[in-house]
Amino acid sequence: MTDTSPILEARGIDHDYGTVSVLQDVSVTIPKGSVTALIGPNGAGKTTLIRDLAGLHEPTAGEITYHGPETAREIGYLPQHPAFRPGFTCRETLEFYASLVGDDEAAAMEHLSRVGLEDAAERNVEALSGGMTRLLGIAQATIGDPPIIVLDEPGSGLDPGMSMHVFDVASELADEGITILLSSHDLELVERIADEVLVLSDGQIVQRGSMTELRNRFGVDSLWSVYENAIGGDLDTVRVQGEHA
Amino acid sequence: MSEDVSASSQSATVQETETGTDRSTRSAPSPRHRLGTIIRRELRTVVRTRTFFVLALAFAAVVLGIVWVGESVQAGYVPTLVDLLTPLELLVPVIAIAFGYRAILGDEQRGELDVLETYPVRGRELVFGVYIGRAVGLLVTILVPLALVAVAVVVTESDALTVYATHTGADSPVLFGRFVVLTALFALSVLAVALAISSIVSGTRSALALAVVALVVLLVGMDLAIAYGFSAGVIGDSGLIYSLAMSPLSAYRGLVFESAVVVAAGTGPEVAAPIASLVSLVVWTVGSLAVATWALNR
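Quick mapping for you: the protein sequence lines, in order, are chains A and B.
Under our numbering, think of the first position of the first sequence as 790, with each following residue one higher.
Under our numbering, think of the first position of the second sequence as 498, with each following residue one higher.
Careful, some of the hints might be misleading.
Taking beta-carbon pairs under 7 Å as the criterion, some of the chain B residues facing chain A (in silico) [said to hold, decoys possible]:
hint	residue
1	R523
2	D611
3	P642
By construction, these hints were calculated from the structure, which means they are not laboratory data.
C-beta atoms are modelled at their ideal positions from N, C-alpha and C, and glycine is treated no differently.
All chains should be modelled from the sequences, with the hints used to inform the complete structure.
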């Protein structure tokens, strides 16, 4: 973490899907150069918030302010289930995205190397494993050197080793000064790389702070314990939103 | 698809402030560069998609088979185009829909449209890029067999031509050329409709269903509606050719008759309103692309 000034701020975000209110009055500050993790149970609204912050859809109400530099691509994005147009190699896929921000083939290869996929450059995207596809997705998210990269559950569905590798890549990007915002259910990996943690429950941020602050606040020694205390209630029950709108 | 990162609506407001950075700033490439990038990807996709290749081969086989079996090539250009007109009225829309109905839907299903929203690509650039790329593939698929047919006429025509007439009472490659150009325009308008379908729907099944509906409406429905309107007296004698122009299929058919068949016959009734028919094809094309862009920006 190199700078605590915010690069992205959201104030009073509401997001409704028809009559279902998914986010209510959510305010978030993403410090520059940090790794901010968004955790919470399924259906809490993590993906909706991530997509709002990435500018992929419009919140019903609220204000999102980007404080970063004016550049060709301000926010990089890795979807929860990244997929690419079949029939193209990894290199061709990244060249396409790189060309959209004015970069050349060499830059595309650099981004591929950054995530350790240089040996798979000529492999077709449909022949990649789930982990390699996720890494290619992260390489895509870094195209254009966006100041912020948003990763929606980067480790979901991966084996522990690959999951750890994906998080390590995210951590390395943060070391280079890129602001990382990610959502995840893997609390151990979040604990390992996150500078700031936001706990989202029932469409609201119920806890926020650094790892140390959160542990001290609840007098516990792990993020899992923080999660249990922050979420409360029966963790075995799937929470269904929709009573708020 | 936009260049704005911050987004909000209604009571939401958008702000973007600059506080300096330790990351390098850069500007987006020109719209022409971005469009070229999208077109190149579509062209590669068309070239690498086996289905399109098979479709092109099948289309070529059918077209060449019709003129070969019908022996119209020996009679000249106009008999050949008359032989081909009805089959093309069916085949061209089917092929155009096949080229376009998943063009944008595929990107949406893979989540690539979301990803592209974080790039400096506007919705209309994506739609035009995809359209142009697919259009090149479609035109190659349709025009190459027609060019081969023209060559076949040259080689096999029983009475070799000595005059390249454009009007009244003579067979001519110019008339066949008009037929080819009009077929291309018809194909492009249906491709635009397919792209609009691809942008509106959210699943392959609904895309297929809507594509079938579009084919039925374009191939049968509009003509039936015009025929019913005419028989019921809603459409008068003088308005019939203008009503026919509203349907892309009837516009195409009318233009071919007006500019390539009736002309060669030297005389005949007025079968189409050429300007209105051309305007109709352009409106179907531009309108459909506008719908596709609107759907993408929703």
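A quick look at each hint next to the structure:
Annotation: R523 (chain B) was flagged as interfacial toward chain A, and the flag holds, the nearest CB pair being 5 Å apart, inside 7 Å. Because the smallest distance between the Cβ of D611 (chain B) and any Cβ of chain A comes to about 5 Å, under 7 Å, the interface hint for this residue holds. Residue-level restraint check for P642 (chain B) is violated (minimum Cβ-Cβ distance to chain A is 25 Å; threshold 7 Å).
Checked against the numbered hints given earlier, this structure breaks only hint 3.
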